[in-house]
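J.: Given chain E, put chain W in place with the hints provided.
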Amino acid sequence: MSIRIVNQSLLRSQKMYERLLIAYPRSHRENYGRAMSQLFRDQGRDAWNEGRYWGLIKLWLRVLPDLIKTSIVERFSSLNERKSMFDKMAALFRPRMAPLFTFLAVFATVFVLVLTASVVITFLMPETYASTARLKVEPEQESSFSGPSSSEPVSTYDPYFIQTTFEIIKDPIVLSKVINQLNLNGDWGKRYNGGVPLDTATTMKMLKQRLSLDTIRNTRLIEITVYSEDKNEAAQIANAIVQSYRDYRVQLHNEATARGIQALQNQYQQDEMSIRQAQADLDSLRQKYNIGSGMTDPQSPQVQPYWDEKRELDQRLAFHKLLAGKIEAEKLDGQIPSAGPVEIVRQAQPGKWPVRPNKPLNIILGALAGIFLATFAGAISALIAFVVGERKRKTPAATG
Amino acid sequence: MTTNQIDPEKLLPLTPAVFHVLLALAGGERHGYAIMQEVAESTEGRIKMGPGTLYGTIKRLLEARLIQESDERPDPGLDDERRRYYRLTGVGEQVVTAEARRYAGIVAMARGKRLLGGSLKAASAGN
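Here the protein sequences come in this chain order: E and W. Sequential numbering from 1 applies to the first sequence in our numbering. Sequential numbering from 1 applies to the second sequence in our numbering.
The shape of chain W in the complex, shown without the other chains:
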């Protein structure tokens, strides 16, 4: 699996765990605890990933080359040097973007059917 051969659309839909981890890393490189905190904060505490789920997901994302381990550290003086940092690869960024667009499309569709707040006009403007 090389980066220039992967079609991001073929990897969709992503599981919630994968999507949230990729979303967390879209904000910059992070270590496991920071990813877990980011996911918990962004979901208002609804998703609290356990170590098993988080590192199982990271393992699969590493194998799929959607993320990679970072050699550089944001500020070694401020952090535990044993922590491992991860960041999105180019493909990973494409995949999370594609998944976000897919969700946006679904949201627009739901608005169009008046399942969510907003008018048809607003929904079409959003598209």
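Chain E with its partners taken away, still in its complex shape:
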């Protein structure tokens, strides 16, 4: 974690605490405000060393109730220097007004406490950026070498294709390359493991937790989103994953193509042998029937086996020629660089704003929770104050 982030977090906390000191009476602030602020800074430094962000949050959870409680006490004590705080409170909470004042005091205290806690925690939470890359993926086509006559590749529908793709992207076969390429073991070790490089399994687990895969409905588009507190890192990782997956698919595609060409070549060689044999057979038949010597009528039914054999040989030769053309075409295709079955539609860019925490939402939720809890606590307190007031009111009559 860089010194800049540490200073920013502590500075933010410090400024927030100094602003909250307004809760104390002016005289108290003038006498002790600076010392309190300095003490808070010292405590903040200790808290950071102890537990980083969580340490700061724990400090605030301790300091906020303290601030609210003591500021109320100081306010009461400064109301009238001639009367003690307890006298003043007693005068304030007169029996008939006690429930109302109690409700208001408890409501205000609880509401401010909850709201301030939510604001403080929200602003202390580490910011997270997201970067998204978009891919267009196609399933691997069925072998186009089923026969020379099939000029178009065959594509079959796979209902699990997208889910399979997601699993492959999260597989070590793709992520290991990303980890090595970006040296995530070393970088994350410095950041999260006190400088000691992480092992690949741990880095892989962390990377998966920061990875989100989604699909655009009714398309073959996949979105790969990576979350990180470093916006540049998020974009780098997302792009590296996309590239790694693409490389994997291209490699698969090339291997399949090579296997297909090999199969075609095998078939070509077998056909060549059988054609030679057929050619020899045809030559034998021609000699047998004296075809071409002028002694035999070529239209005679007796020489029909020759013509049948010749027709079949011609078909085989045509097939053989087509096969040779197909092999050459596939070899040429393999030499031309292509995107293969994966197309990178959009590269990931560093995010401009953090996606977490959602500050407005957190604060609104904090305010709503504050209202709910404050109302509940205020109502309970008011009820207690009412019961106590009633008892006090009845006690003199009973004794009198």
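Covered stretches of chain W (in silico footprint by chain E; criterion: 3 or more residues with CB under 8 Å from a CB of chain E, positions within the stretch not fixed):
1. 32–40
2. 52–62
Calculated lysine to any residue pairs in the SDA-like style (CA-CA distance at most 20 Å, straight line):
3. W:K48 with E:A117
4. E:K69 with W:K48
5. E:K69 with W:I47
6. W:K10 with W:L62
7. E:K208 with E:Y227
8. E:K231 with E:V355
9. E:K69 with W:P16
10. E:K15 with E:G55
11. W:K48 with E:D66
12. E:K208 with E:D171
13. W:K59 with E:A35
14. W:K48 with E:A35
15. E:K58 with W:K48
16. W:K59 with E:E30
17. W:K59 with E:Q38
18. W:K59 with E:S78
19. E:K231 with E:S9
20. E:K58 with W:G45
21. E:K136 with E:D158
22. E:K208 with E:N232
23. E:K170 with E:S212
24. E:K231 with E:Y192
What the hints contain is simulated information worked out from the structure, not anything from laboratory work. Given the structure is predicted, the values throughout are model-derived calculations rather than measurements. Just so it is clear, CB atoms sit at the ideal spot from N, CA and C, and this is done for glycine as well.
T.: What follows is chain W alone, placed relative to chain E:
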């Protein structure tokens, strides 16, 4: 309120915050952060005073003349000169001593009733 008119016993019992602050200052003059650290260490981290509680307590102790702000600094070269140091007054020392004795008495009583470790003999020897 003058020092020679205060009966320390009348100020007892002290609140935990006041007692811990006075105890911390019994070891010598300290600034706020050092008091807070001393209290946290002596209570094994159970009591961590916030700035509001600490300086509210200091304010009341100053008003009661149990402590006073120190003009001298232990070692100005080693410390932030903006820090304010506090030390016990004579009355403050009497009060914290009286409170400590009161606690000791309570502890002895608890031992006598076998609520704590130690025998009756040890408890009476302690008295």
